[in-house]
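Peer 1: Here is what each chain is made of, one letter per residue.
Number of protein chains: 2
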Amino acid sequence: MQIYNAPVLEMKFLLEAFGYDQVSALEAFEAFDMETAVAMLEQHGDFCKNELLPLNQIGDQQGIKYDPVAQTITMADGFKELYQKYVELGMPGFVHPEEYGGSGAPVSLANLMGEMVTSTNKSFSMCPGLTNGLIEALKHHGSDEQKKTFLPKLVSGEWSGTMCLTEPQCGTDLGLVRSQAVPVDDHYLLTGTKIWITFGEHDLTENIVHLVLARLPDAPAGIKGISLFVVPKFDLNGERNPVYCGGIEHKMGIHASPTCVINMEGAKGWLVGKPHKGMRAMFTMMNHARLGVGSEGVALGEISYQTALAYAKDRRQSRSLDKEKWDQNAEADNILVHPDVRRMLLNIKSTNEAMRALCLWVGVQTDLAHSHPEEEVRNEANDLVSLLTPVIKSFVTERGFWNINDAMQVAGGSGYTSDWCIEQYMRDERIALIYEGTNHIQALDLVGRKLPQDMGRLFQKFNEKVSEMIRGCKEDPRMAEFLTPFKQSAKLLNEVTMELSVKAMEDREVVGAVASNYLNLFAFVSLSYVWCQQVKVALDREGSFYETKIKTARYFFNHVLPEIHMLAARIKDGKEHMMAFEPDEFWSAQGFVPES
Amino acid sequence: MQIYNAPVLEMKFLLEAFGYDQVSALEAFEAFDMETAVAMLEQHGDFCKNELLPLNQIGDQQGIKYDPVAQTITMADGFKELYQKYVELGMPGFVHPEEYGGSGAPVSLANLMGEMVTSTNKSFSMCPGLTNGLIEALKHHGSDEQKKTFLPKLVSGEWSGTMCLTEPQCGTDLGLVRSQAVPVDDHYLLTGTKIWITFGEHDLTENIVHLVLARLPDAPAGIKGISLFVVPKFDLNGERNPVYCGGIEHKMGIHASPTCVINMEGAKGWLVGKPHKGMRAMFTMMNHARLGVGSEGVALGEISYQTALAYAKDRRQSRSLDKEKWDQNAEADNILVHPDVRRMLLNIKSTNEAMRALCLWVGVQTDLAHSHPEEEVRNEANDLVSLLTPVIKSFVTERGFWNINDAMQVAGGSGYTSDWCIEQYMRDERIALIYEGTNHIQALDLVGRKLPQDMGRLFQKFNEKVSEMIRGCKEDPRMAEFLTPFKQSAKLLNEVTMELSVKAMEDREVVGAVASNYLNLFAFVSLSYVWCQQVKVALDREGSFYETKIKTARYFFNHVLPEIHMLAARIKDGKEHMMAFEPDEFWSAQGFVPES
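Sequence order for the protein chains is E and Z.
The first sequence begins at 1 in my numbering and counts up one residue at a time.
The second sequence begins at 1 in my numbering and counts up one residue at a time.
Any given hint could turn out to be false.
Copies of one chain are not kept apart here, so a pair can be met inside one copy or by any two copies together.
[To be verified] With a Cα cut of at most 25 Å, we get these calculated SDA-like pairs of lysine to any residue: (1) K536 x F581; (2) K274 x N287; (3) K572 x N558; (4) K487 x H565; (5) K461 x E145.
Calculated from the structure, these hints are not laboratory results.
Next up, chain E with everything else stripped away, as it sits in the complex:
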């Protein structure tokens, strides 16, 4: 049972509440006023429901076919036709510049549409997702020649793109990259093996463009010796480049998304940007991708929630604990009478609506950062995007996974079967906590890089937003019940941040020990912020939608937010109790040291 309706009503509210009017007022986005944006969301939602969703389970069950002799991959039934439809609608270029054939749409709007694609067919979504990253990298770091050669084909969707970072000996630590690039004439010949390459090979497009990290012969060791190359499957004369898919991974989920071993055997490539400066260019691509990956938690949480609700709505089991609620016309009551079923559904609802709001808020800031005429506005927006990107990538993917888990529990045994698909959403979502930089890498980025950056400027900007919210609401007595826990959470975050910044100067290991919990605390304050903003808007409107918003916020502040006290206690505990162990002690209970 594949159940999905695009939550357009909710998205419209969020566009209103989180300053989309500032975006559509910009010259660059004048074609995307609110009315047009909502119409696009409607239309795109229908497309996702009618075209992507029906292939989602087929993709999971069929997976992809890898031919080890030809080293080619055949996608599941219908995916090729689906991709063609996606291209015909102009979706691959939706967010990209008109000069390359795109539509130049705002990121904030495109991200909401991206959420729908992920909800209805995550495996499929990864092909355009990766291509987007490649386009971003080339747009910012490619030569004019490279832009002219690659961007129109990528923006139209005729070609697709990959990110070739990981190698068997290096995932998180890209300084260990070993692939080699040797200069020959105007180009380079690349040799090496890359793994985990999403859509590294497939039959959806006529060409695949790989963005590859490798070392030049004179490269310094480590992360400062990495350069970036563009390596097309078919080179510019149409000749097959020796970059082949040597195998595929067998994974828990995203079965219709090929995860490839890519072998380069003297493959022709072109340097993107400057020698040895590949990591910076790669991060352009990755920061963009991280916001997208974060929203996967929202997307799969959303469809799981809808599925669990559809199950709950028709399921009768046991009697209400309140006799007055008994349905005398039936043998049992609908399970929505049971508080625990509500608890699980509200855990999802109250976090997923806030996480989507946070993603959208950062999406709006991204548009302002790129396109606002005033430098000050651009800089401030950029600071917020930079600070909140790791928070979104890590927290939203993790909480999205717990939300799917709650949805499964609501549906009981049915939730565990393939019939209701929640189990597929859970399997498909789980990788989001790992790829695009594991969640802990995000936490280190937040605590180790973003917090200390420019004497804490980013954190200060965030605090200004918090203060603005408090100032803007404190006169309204209806806001008090929300503002009080919000202020408490922000105060706790500030205390913890102060303590941590002192400790971190003395001992870097403390940063590693507390970063993951700190990121979650930071996320809760951010969610509290976006809940206050939603309530603020909802309080001045009339209608059941707004009343429910306020109730949902109330649930969040009273029932979900107390998690911050656990997080703060763990942060305060620091590193001592985890660093006290010698490596061998980890297998003390097993009584053996595993052989190497």
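Got chain E sorted already, so can you dock chain Z onto it with the hints?
Peer 2: Then chain Z, alone, in the frame of chain E:
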């Protein structure tokens, strides 16, 4: 990569620390002294590692083959031979009475061995697991004739057993059972459809005995009109009984465990126990099964932990945050230097060792409850088993799932692939939160039934154990750091319990709203108790095993236990914020009410 070594060293310590000497001192168990018990654990651990584990992934990948015409099921390659070996070792009857051909072993010991079976092949473990439940039910409620007919064949493993409870319209609420049983001569003819029947059909044994809930023609409505029947696949004359497998479920995991639709079309059955009293007999079976299901969280957490450790041990990535720890002979450091990797591993280690201890403690109490000569001891042990059974079933399965999740994160992308099997363990474990009574049903059992039972006698017994521990340790200054948080947690539990029992009398819905969080709080106090006991024993011994025990306890009390404050806040929040919603409001954000 299938990695497992039975944690016998740890189990031996727990047997010593949790009173196995009281068990082996009983006349019934004189053949199972400590030395014998440990030798059996060793031997059984080898069997599981060498025979069960190699078929685990094969079972997952091949699944079972259902023939819809013959309505038969063929198990995955090797399972039939494996089952034969299991039978030849006498494992099916290990814990059952000698008079039926069993070995009469203590439950405490058998449960540890059961953990090993689940660790290495959960799908396989479910066949003897269900048979055990059937044997328990017949032992306690069957007629002499029934015992004579069925028990020897079930105890030897020649036949297997099932539990046929669920029907399409009823899972949690068994009062809705519709299957009919009509008396004919000395037996009954049963008609109806059962679903989710584990090992309802297979080719491992020559006969399958179903234990079926159904209604007699004169049955009162609801739960008080349910009777229990034994319905063999082949009746006592060897004739095929019309009880057929009409289909199988496609599930997230446990692919080698057939989950069947069972259609009874006038199948011959015999009443077990008294008419309309089937639920009581069924609960004998289920309470037994619930302890077993709880330990699935320990079992799959254990193998996932070992797998993650094996990965971590050989993985080098990035540099330690502490320069002094840099391995100058390598490009990167082993990932065990990173605090966050340790944090995840210690989350598993510090909870899994405590959960196993809790299961064993309750296992010991089970043996005392059954076999101790003094009634007072039996009663007290029985109270503890009764109180802690729902706690173990719910908390241990849930935490086990999070532990597997942490193990997967340690292994990064590899954790998501089938190569390392953690993803299978996660899929196999997830059902444990649902079956044998969903985790919330356990919470309702604890709060709604066990707490108020006999004016709170069970809770009082638990509190006496807590006080005993405090009295027994308070003179030892080395215990203070553990005793202080333990006392705090117990105090918090008592406060919350008092408040809850007052509220629950006024409003039953509060029970439903807080039960799940309350059960987790109860579990944390129980884990603190068993940690204190482990530390107490370890403090008086010398050796690295015991030093690590104490460090692990320290991590638990400082880093894991703070979760109780979040739980207490949620319990105090009560029902108000979840009950404020009208049913339609759950899909407010989706802007539609799904069609029925």
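Peer 1: All hints are to be evaluated individually against the structure, with a verdict given for each.
Peer 2: Checked hints:
no.: 1; hint: K536 x F581; verdict: between (49 Å within a copy, 20 Å between copies)
no.: 2; hint: K274 x N287; verdict: within (20 Å within a copy, 68 Å between copies)
no.: 3; hint: K572 x N558; verdict: both (23 Å within a copy, 10 Å between copies)
no.: 4; hint: K487 x H565; verdict: both (14 Å within a copy, 19 Å between copies)
no.: 5; hint: K461 x E145; verdict: neither (39 Å within a copy, 80 Å between copies)
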